[in-house]
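J.: What follows is each chain in one-letter form.
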Amino acid sequence: MTTKNAQPSPRPRPVSPFLLVALGWLIPGSGFLLLGRKGRARGLIALLAIHLTFIVGVSLKGGVVWPVWAVREAGFNLINILTFLVEMGAGWLAALSLAAHAGAWAHFAPAPANAYFELGSLYCLTAGALNYFVIRQSQERNEKKAFEILAKQ
Amino acid sequence: MTFGILHLLSLVYLTGVVSLILGMDEGETPAQAGRHVLGCWTRILLCFVGLGVVVYVFSLFAG
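Chains F and L, in that order, are what the protein sequence lines are. Residue numbers 1 to 153, in the working numbering, belong to the letters of the first sequence in order. Residue numbers 1001 to 1063, in the working numbering, belong to the letters of the second sequence in order.
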């Protein structure tokens, strides 16, 4: 009869904050998923909620539009720039919407002339803003985990 | 679907999703977080209903 050697369980380690922010931004909700079992439910809820919100926004012909950055140009508007920065919080979804607008891909591109564009963009704005909160929440959880590991040592 | 109804449904959905994301990290158990989310959602909706009533009353004096 053979006996199995007891393998020492790997020591839990906090996730790299850079990886957490980068992946959490790129794929909304994935920051929590990186934290393991404790963050799984929160990560899935955030992932589904943010993706659904952005997709509803896109289906209403909303999306991310590249703003005019030059102060002296006619179309310059600070609100548009702030809206753009918040919408970009939605990661790959926002990047896809922006690329679709630049490449005139009709299925995913925002249509500023459409009556529902403002409402759809509000959905995209909400999705982007929520992802910034989710990234911060996952960072806090990660810091708490790191503190607990330090306390155990 | 009419434009106004869509805006009302959006109000309910967007306040719900904001409450869900902001409230899910409150409390250690899912029940505590759920109660927090529902309380938050109710308060936001009540605030918007209050604002709607104020705007409606003002509209009675317009024109």
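No lab work stands behind these hints, which were simulated from the structure alone. Here a beta-carbon is modelled for each residue, glycine too, at the ideal position from N, C-alpha and C. A hint or two may mislead.
Stated by the list, open to error - Per label pair, the in silico range of CB-to-CB distance:
| no. | chain 1 | residue 1 | chain 2 | residue 2 | range |
| --- | --- | --- | --- | --- | --- |
| 1 | F | E118 | L | V1057 | 39 to 47 Å |
| 2 | F | E73 | L | E1028 | 47 to 55 Å |
| 3 | F | A146 | L | Q1032 | 56 to 64 Å |
| 4 | F | R37 | L | F1061 | 56 to 64 Å |
| 5 | F | I149 | L | L1006 | 42 to 50 Å |
| 6 | L | T1002 | F | E148 | 51 to 59 Å |
| 7 | F | F133 | L | C1047 | 17 to 25 Å |
| 8 | L | V1049 | F | R72 | 42 to 50 Å |
Said to hold, decoys possible - Just so you have them, the derived chain F footprint on chain L, three or more residues with Cβ under 8 Å:
| no. | segment |
| --- | --- |
| 9 | 1004 to 1012 |
| 10 | 1039 to 1053 |
| 11 | 1056 to 1062 |
To be verified - Which chain F residues stay away from chain L? Per the calculated CB distances, all over 10 Å, these:
| no. | residue |
| --- | --- |
| 12 | L23 |
| 13 | W66 |
| 14 | I81 |
| 15 | K152 |
J.: Decide, hint by hint, whether the structure agrees.
T.: Hints and how they fare:
1. F:E118 / L:V1057: 39 to 47 Å: Check failed, 26 Å falls outside 39 to 47 Å.
2. F:E73 / L:E1028: 47 to 55 Å: Check passed, 51 Å falls within 47 to 55 Å.
3. F:A146 / L:Q1032: 56 to 64 Å: violated (24 Å)
4. F:R37 / L:F1061: 56 to 64 Å: holds (58 Å)
5. F:I149 / L:L1006: 42 to 50 Å: holds (48 Å)
6. L:T1002 / F:E148: 51 to 59 Å: holds (53 Å)
7. F:F133 / L:C1047: 17 to 25 Å: At roughly 19 Å between Cβ atoms, C1047 of chain L and F133 of chain F fall inside 17 to 25 Å, so the hint holds.
8. L:V1049 / F:R72: 42 to 50 Å: With Cβ atoms ~44 Å apart, the hint holds.
9. 1004 to 1012: Holds, because 3 residues of the segment 1004 to 1012 of chain L bring their Cβ atoms closer than 8 Å to Cβ atoms of chain F.
10. 1039 to 1053: Our answer is that it is violated, as 0 residues pass the Cβ test (under 8 Å) against chain F, missing three.
11. 1056 to 1062: Since three or more residues must qualify, the claim that chain F covers the segment 1056 to 1062 of chain L is violated, with 0 doing so at under 8 Å.
12. L23: holds (18 Å)
13. W66: holds (24 Å)
14. I81: Non-interface label stands for I81 of chain F: nearest chain L Cβ at 22 Å, farther than 10 Å.
15. K152: K152 of chain F clear of chain L: closest Cβ-Cβ about 19 Å, beyond 10 Å.
Hints 1, 3, 10, 11 from the earlier list are contradicted by this structure; the remaining hints agree with it.
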